[in-house]
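As you go down the protein sequences, you meet chains A and B in turn.
According to the numbering used here, the first sequence is numbered sequentially starting from 1.
According to the numbering used here, the second sequence is numbered sequentially starting from 1.
If you're looking for bench data, these hints aren't it; they were derived computationally from the structure.
A portion of the hints provided could be inaccurate.
Here are the simulated distance ranges between beta carbons [unchecked claim]:
| hint | chain 1 | residue 1 | chain 2 | residue 2 | range |
| --- | --- | --- | --- | --- | --- |
| 1 | B | R302 | A | D26 | 46 to 54 Å |
| 2 | A | R79 | B | R279 | 40 to 48 Å |
| 3 | B | P334 | A | G127 | 26 to 34 Å |
Just so you know, even glycine gets a beta-carbon here, dropped at the ideal spot from N, CA and C.
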Amino acid sequence: MRIGLTSAARVNPYATLLIDELQKRDLQVDYVLSAERGPAGDLWERLKRRGVAGALRAVRHRASAEAEPLPLAKAAWERGLNLGAPLADACECHGIERSLVGSLSSASAAAVVRSHGTDVLINAGGGLFRQRLLKAPKLGLLNAHMARLPDLRGVDVLEWSVLLGIPLGITVHWIDGGIDTGDSLQFSPLSPQAGDTLTSLRERAVLLSASTIADQVLRLAAKPDVSKEQEGDGESGPADQFFALHPRLRERAASRLAARFGKHVD
Amino acid sequence: MSALLSRSLGTIRIAASPGHWRVVLRDLLHRSESLHEDEAHLAAAMDWLAWAQDVAACGGGLSAGYSFRRGWLPPYPETTGYVIPTFLRYAQHTGNDRWRERAVCAGDWEIDIQLPDGGVRGGQGINSEPIVFNTGQVMLGWCALYRSTGEAKYLDAASSAADWLLKIQEHDGSWRQHTYENTPHAYHSRVAWPLLEVAEATQQSRYREAAAAHLRWVIGQARPNGWVEGMSFRRGEDPYTHTIAYTYRGLLESGLKLADETGASAMQLARLGADRLLRCYEFNKPDPHAEPWPLPATLDRRWQPSDESSSCVTGNAQIALLWLCLANIDAQIPTRSLRWTNSALKLLDQVKATQTLRSRHSGIRGGVPGSNPVWGWYLRLTYPNWAAKFFADALLETGQVLCASD
Numbered sequence: 001m002r003i004g005l006t007s008a009a010r011v012n013p014y015a016t017l018l019i020d021e022l023q024k025r026d027l028q029v030d031y032v033l034s035a036e037r038g039p040a041g042d043l044w045e046r047l048k049r050r051g052v053a054g055a056l057r058a059v060r061h062r063a064s065a066e067a068e069p070l071p072l073a074k075a076a077w078e079r080g081l082n083l084g085a086p087l088a089d090a091c092e093c094h095g096i097e098r099s100l101v102g103s104l105s106s107a108s109a110a111a112v113v114r115s116h117g118t119d120v121l122i123n124a125g126g127g128l129f130r131q132r133l134l135k136a137p138k139l140g141l142l143n144a145h146m147a148r149l150p151d152l153r154g155v156d157v158l159e160w161s162v163l164l165g166i167p168l169g170i171t172v173h174w175i176d177g178g179i180d181t182g183d184s185l186q187f188s189p190l191s192p193q194a195g196d197t198l199t200s201l202r203e204r205a206v207l208l209s210a211s212t213i214a215d216q217v218l219r220l221a222a223k224p225d226v227s228k229e230q231e232g233d234g235e236s237g238p239a240d241q242f243f244a245l246h247p248r249l250r251e252r253a254a255s256r257l258a259a260r261f262g263k264h265v266d
Numbered sequence: 001m002s003a004l005l006s007r008s009l010g011t012i013r014i015a016a017s018p019g020h021w022r023v024v025l026r027d028l029l030h031r032s033e034s035l036h037e038d039e040a041h042l043a044a045a046m047d048w049l050a051w052a053q054d055v056a057a058c059g060g061g062l063s064a065g066y067s068f069r070r071g072w073l074p075p076y077p078e079t080t081g082y083v084i085p086t087f088l089r090y091a092q093h094t095g096n097d098r099w100r101e102r103a104v105c106a107g108d109w110e111i112d113i114q115l116p117d118g119g120v121r122g123g124q125g126i127n128s129e130p131i132v133f134n135t136g137q138v139m140l141g142w143c144a145l146y147r148s149t150g151e152a153k154y155l156d157a158a159s160s161a162a163d164w165l166l167k168i169q170e171h172d173g174s175w176r177q178h179t180y181e182n183t184p185h186a187y188h189s190r191v192a193w194p195l196l197e198v199a200e201a202t203q204q205s206r207y208r209e210a211a212a213a214h215l216r217w218v219i220g221q222a223r224p225n226g227w228v229e230g231m232s233f234r235r236g237e238d239p240y241t242h243t244i245a246y247t248y249r250g251l252l253e254s255g256l257k258l259a260d261e262t263g264a265s266a267m268q269l270a271r272l273g274a275d276r277l278l279r280c281y282e283f284n285k286p287d288p289h290a291e292p293w294p295l296p297a298t299l300d301r302r303w304q305p306s307d308e309s310s311s312c313v314t315g316n317a318q319i320a321l322l323w324l325c326l327a328n329i330d331a332q333i334p335t336r337s338l339r340w341t342n343s344a345l346k347l348l349d350q351v352k353a354t355q356t357l358r359s360r361h362s363g364i365r366g367g368v369p370g371s372n373p374v375w376g377w378y379l380r381l382t383y384p385n386w387a388a389k390f391f392a393d394a395l396l397e398t399g400q401v402l403c404a405s406d
């Protein structure tokens with residue numbers, strides 16, 4: 001099975017975790033298709049996304065994070081991974097080729113995927129993808145979505161799940177032209193633990209995403225056609241799309257989580 | 001010559017006030033006002049509305065707003081009428097009867113100036129020609145006062161206005177005479193709504209039938225994508241979000257009151273339009289996690305922006321209110337309700353960011369501009385009273401929606 005990963009960031013903990021999870025299952029990543037920018041580009045993207053005030057808030061939030069190590073840091077320590085290192089280091093360490101492209105939407109990105117004879121491309125960052133990239137791998141582009149599909153499509157869906165009381169979990173699905181509408185392969189439930197906050201829960205979801213997607217790639221290696229159409233995708237069309245959560249509703253989700261599983265509030 | 005003089009005076013007036021400069025500079029530099037708790041913004045908007053009533057000094061009518069060029073504007077019968085329910089709701093919210101007294105004053109003034117045939121005077125100031133839309137909006141105020149006080153004079157005034165509306169209604173259910181530019185408008189759905197309120201209060205089916213006929217006409221103007229033709233002030237122009245919101249709110253409130261096939265269709269169309277507006281808003285941003293850009297001032301029939309140079313803040317407050325009303329209706333279905341609420345909160349934050357709480361200028365402090373930037377096409381350099389009204393309504397509705405979803 002020829003496997004490729006997409007990435008859009010210089011430091012990509014999720015991609016590093018994915019490489020590790022796949023290797024644990026004797027699956028080798030052939031290449032990483034990366035549209036990363038330099039450190040200045042990363043900073044610019046963050047500022048564009050959050051604004052100056054939002055970026056400062058995120059730094060402050062990180063500085064005041066709980067004394068208890070968060071799930072990602074804990075997992076990294078146990079597995080001997082440096083999730084804060086550039087993805088290039090992990091690629092070098094595991095002998096994975098890194099193909100740098102200006103944009104994952106470009107024709108050259110699709111050409112790289114085809115030239116590797118890719119069976120499965122895995123989304124480890126890159127946002128919305130063009131059809132030409134979706135059609136380039138033989139089986140398709142796989143994604144781990146942080147909610148149950150088709151119930152919750154869109155972004156911030158983990159927080160939406162908490163807010164709406166929908167069972168938490170990860171859905172692995174193929175990416176098609178729509179927003180989280182592609183055929184699904186597996187739903188893995190996510191169990192919050194005592195004291196979980198939205199931040200720690202999200203990190204737990206990242207860990208589960210990496211292991212679930214690796215499991216599914218292993219399954220695909222044995223039996224390529226195991227996906228099924230999402231329920232509710234019939235005549236009524238896909239369910240509503242959910243958008244970035246307003247801070248007041250995020251706060252409410254954090255309180256609901258705290259009320260059920262602990263005292264910490266994000 | 002006099003136009004030139006008036007223009008020169010207007011320019012001098014704009015330039016003479018430091019308060020004006022502060023707002024212009026803020027918008028020029030793309031800065032925002034600080035965001036506070038809802039209650040602080042709500043109190044400021046209500047105080048501004050109270051001042052708009054006091055400064056008009058006409059016995060109850062509210063000044064149409066504050067203009068950088070012309071200062072405080074003359075009283076505006078139409079919007080004074082629909083501010084009445086806002087005063088009443090705020091009285092209930094604060095437990096302060098002063099607001100109820102203001103509502104009563106406004107309602108009595110509207111009765112004093114009602115035309116003998118029942119219609120409500122169009123435009124700002126005291127004009128002689130009645131206008132259909134304005135009549136409907138004042139009827140909303142009278143009906144609210146009738147429910148609140150039980151005094152028959154308010155229902156009588158509303159019934160007389162409703163009779164006038166029925167008299168001039170076209171056979172197809174639309175209104176063409178005594179309308180803005182003498183053309184039928186889809187936003188007259190906001191006239192069907194008060195007709196249904198009068199029908200409820202008087203138990204007279206003729207008002208209900210007239211409202212239903214009009215709704216059928218509006219529904220007949222709808223395209224499959226939920227767009228309704230005739231939402232603009234002038235034929236051939238793309239509508240402001242202000243009149244788009246008028247149209248769907250009218251359909252929604254009428255649909256709730258009309259428990260038949262027409263009502264169901266009106267509700268369905270209102271939901272479709274509100275959802276298209278939500279998509280227009282939420283998809284217009286640099287990346288999926290970012291805050292959306294403010295809605296454009298006008299949209300075309302494909303739901304595409306047609307004037308992105310400014311945002312119609314008044315329309316934004318109305319659209320947030322429309323989503324919150326839907327959130328309230330869908331309270332039993334949290335996936336729907338909180339989805340509406342989420343977008344409404346974001347849009348309201350953008351309205352809050354245009355409201356100055358600390359200005360020394362009474363026309364600006366607590367007021368909400370027609371456009372952002374303040375020199376945008378919709379009511380250029382003006383703080384209309386209806387922007388503050390819809391903003392206050394939306395903040396009051398927010399409290400209720402968040403409470404219900406707790």
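Violated hints, by number in ascending order, as checked against the structure: No numbers; nothing is violated.
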